[in-house]
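Take each chain as given, in its own frame, and dock them per the hints.
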Amino acid sequence: EAQVTQNPRYLITVTGKKLTVTCSQNMNHEYMSWYRQDPGLGLRQIYYSMNVEVTDKGDVPEGYKVSRKEKRNFPLILESPSPNQTSLYFCASSLRTMAGYNEQFFGPGTRLTVL
Amino acid sequence: GENVEQHPSTLSVQEGDSAVIKCTYSDSASNYFPWYKQELGKRPQLIIDIRSNVGEKKDQRIAVTLNKTAKHFSLHITETQPEDSAVYFCAASQGNRLAFGKGNQVVVIP
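Protein chains in written order, with the working numbering: chain A, 75 to 189; chain B, 43 to 152.
The following block holds chain B by itself, in its conformation from the complex (with noise of 0.2 Å):
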């Protein structure tokens, strides 16, 4: 099945600093990979998403880029805030399956 890596698995960033999340996954017929966002004690939610026929979607100070042939797929927060410390897990979908890479801590000091 899909297997999708995360790295690194802890981030911290200098706040006004970017922070870059980057993950890999397995099976190139995958053709979806979200990004989800779970603030401590709270639910993961969506923060952006991007299709295999993409190679980058932007949202505000969100990014994601995908590079296909490499199979790899990166997060992009510029001038990172307080509020966006939180766990991220990168996603990607396999058939009717979504496999979550195991998180990624990011912690914005101030």
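Pulled out of the complex, with its shape left as it was, chain A reads as follows (with noise of 0.2 Å):
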């Protein structure tokens, strides 16, 4: 089945604790990225990527990074989480053909609180 796992799905964690969100993607896709969603503010690009080791910040990229060492995996490292970084993130990828953007399909988010 086509699909964009993440893990984990829900995470309460302390101010400071280092953590990784990871992404999988199992359709090939060039393109990955994650997405904040709070309430009010809809989904804010964190960062993207376009294909193995590249990768580029988004409108929201501060406190967070990333990394695309294989083109199915885009893991999202919170080095030093604080309480404003306590959101829904999604993960999601795309096929990016000549004609540009394509459908982007998201994972099934992670609920993150950072006490």
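Do not take every clue at face value.
[Said to hold, decoys possible] Below, computed lysine-lysine pairings styled on DSSO-like, alpha-carbon distance capped at 27 Å:
1) Lys110(B) with Lys100(B)
2) Lys113(B) with Lys144(B)
3) Lys110(B) with Lys99(B)
4) Lys100(B) with Lys64(B)
5) Lys131(A) with Lys84(B)
6) Lys139(A) with Lys144(B)
7) Lys113(B) with Lys79(B)
8) Lys113(B) with Lys131(A)
9) Lys84(B) with Lys145(A)
10) Lys64(B) with Lys144(B)
11) Lys91(A) with Lys143(A)
12) Lys139(A) with Lys84(B)
13) Lys79(B) with Lys100(B)
14) Lys144(B) with Lys79(B)
15) Lys64(B) with Lys84(B)
16) Lys64(B) with Lys79(B)
17) Lys110(B) with Lys84(B)
18) Lys131(A) with Lys144(B)
19) Lys139(A) with Lys91(A)
20) Lys79(B) with Lys131(A)
21) Lys99(B) with Lys144(B)
In short, the hints are calculated from the structure, not lab data.
It should be emphasised that the depicted structure is a prediction, and the values quoted were computed from it without experimental measurement.
Structure below.
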């Protein structure tokens, strides 16, 4: 089954304790992205990756890191989480063609609470 | 960067009526405009998209129209049903990034 998976789905942590949220897709998509969703603010892009070893900042990259060592995986790293990073996080992937963007497939989401 | 705005933020419609959500974008170079539906507690899912070389696209009860001159695009849902109740997000592509609007809550009243 074609899908995007994220782990963990729920996480409660404390300020300053490093954490990683994993994202994996089995559709051989070049493009992957991380978003955070907060009430009233919609989906805001954190980082995206056009392909292996190619990453770039989105609209709200502060406090986050990413890596793209393999095509299927795109982990999100919070080196020193703070309470303002409490949010619902979505990973997404899509196929890029010469016509440009195609449908982005979203993972199930990770609800993070930083105390 | 690209700025996408959605109006209205909340829309209530009677079952069977039509619903229209409008989005405006700022970057005239944007060329891809998807609409996503997010039901409560679930992930966003694409319902329809349109590219800048097309003015309108339909898929059963859903249609999207694009006005490049005015830089706005709209989602039209006809014969609304209770299962259409959700948050709808529009987005516009700017280079390698996809900018989303803040979402519209659509409530279909039985």
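- prompt: Out of the numbered hints, which ones does the structure contradict?
  reply: 17
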